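A.B. asks: The whole structure should be built from the sequences, with the hints applied where relevant.
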Amino acid sequence: KAGVTQTPRYLIKTRGQQVTLSCSPISGHRSVSWYQQTPGQGLQFLFEYFSETQRNKGNFPGRFSGRQFSNSRSEMNVSTLELGDSALYLCASSSGSLDSYEQYFGPGTRLTVT
Amino acid sequence: LAKTTQPISMDSYEGQEVNITCSHNNIATNDYITWYQQFPSQGPRFIIQGYKTKVTNEVASLFIPADRKSSTLSLPRVSLSDTAVYYCLVDYNNAGNMLTFGGGTRLMVKP
Chain Y
1 KAGVTQTPRY
11 LIKTRGQQVT
21 LSCSPISGHR
31 SVSWYQQTPG
41 QGLQFLFEYF
51 SETQRNKGNF
61 PGRFSGRQFS
71 NSRSEMNVST
81 LELGDSALYL
91 CASSSGSLDS
101 YEQYFGPGTR
111 LTVT
Chain W
1 LAKTTQPISM
11 DSYEGQEVNI
21 TCSHNNIATN
31 DYITWYQQFP
41 SQGPRFIIQG
51 YKTKVTNEVA
61 SLFIPADRKS
71 STLSLPRVSL
81 SDTAVYYCLV
91 DYNNAGNMLT
101 FGGGTRLMVK
111 P
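Line by line, the protein sequences are chains Y and W.
The first sequence: position 51 = 51 (the working numbering), numbered continuously.
The second sequence: position 76 = 76 (the working numbering), numbered continuously.
Treat each hint with caution, since some may be false.
[What the hints assert, rightly or not] One side only, chain Y facing chain W, incomplete, derived with CB under 10 Å: (1) A2; (2) S33; (3) L43; (4) L90; (5) G106.
Simulated from the structure, these hints should not be mistaken for laboratory data.
Small disclaimer: the values here were computed from a predicted structure and weren't measured.
From the three backbone atoms N, C-alpha and C, an ideal C-beta is built for every residue, glycine too.
C.D. replies: Next up, the structure:
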């Protein structure tokens with residue numbers, strides 16, 4: 001069974017630009033969650049999508065958005081990039097069961113904002 | 001304010017049992033605690049989850065005392081390959097929108 005894939009793996013953008021990251025979940029998984037990981041703030045929850053709907057949202061500004069397609073693939077968008085957005089962005093897929101936090105993470109997309 | 005804290009680092013030797021604690025405030029009786037392991041350049045990997053007093057699987061145990069102010073991940077007989085960063089994750093209102101990770105504990109297993 002193929003794991004979670006994320007593209008691209010590395011990205012360099014300039015302040016003010018926008019970026020779109022992609023995540024393909026494990027086949028059969030209906031939930032995709034996104035996380036930001038930085039040395040200073042650690043792992044922080046961005047949002048979760050389940051059956052094409054945002055089910056949960058963390059405490060990030062509106063510049064961070066996402067969506068999920070009918071095949072469960074998900075994209076995350078960050079607009080008006082700031083230097084502080086430089087981070088490893090991880091997506092994780094799961095069955096979507098409300099009583100399980102067993103998630104399968106992808107390798108991440110490392111975003112550098114200059 | 002939900003806050004989840006862990007020791008920054010721990011050292012151990014091969015074959016020893018390792019216990020990593022996670023402190024969490026205001027956790028309800030049905031709030032889940034989940035533990036993940038992360039190696040460099042990889043995404044976190046699920047280890048164990050639970051909300052009751054004790055949960056055990058083939059790789060670890062999770063202990064949650066009655067006051068629920070902390071939880072402990074127990075790794076029996078660690079090996080060099082267990083050297084990694086371990087994160088606890090708490091869903092503070094069991095609704096998925098207050099998912100909070102601890103800062104991570106860097107475990108170094110020595111020969």
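A.B. asks: Is the interface hint for S33/Y satisfied, with its Cβ closer than 10 Å to some Cβ of chain W?
C.D. replies: Holds, about 8 Å.
A.B. asks: Under 10 Å is the threshold here; is the Cβ of G106/Y close enough to any Cβ of chain W for the hint to stand?
C.D. replies: holds (5 Å)
A.B. asks: Hint validation: A2/Y versus chain W, beta carbon distance must be below 10 Å. Holds or violated?
C.D. replies: violated (14 Å)
A.B. asks: Given L43/Y was flagged as interface, is its beta-carbon under 10 Å from a beta-carbon of chain W?
C.D. replies: OK, holds: L43/Y within 10 Å of chain W, min 4 Å.
A.B. asks: Using the nearest Cβ pair, does L90/Y come within less than 10 Å of chain W?
C.D. replies: Given a least distance of 5 Å, the restraint on L90/Y holds.
Taken one by one, the earlier hints fail for this structure only at number 1.
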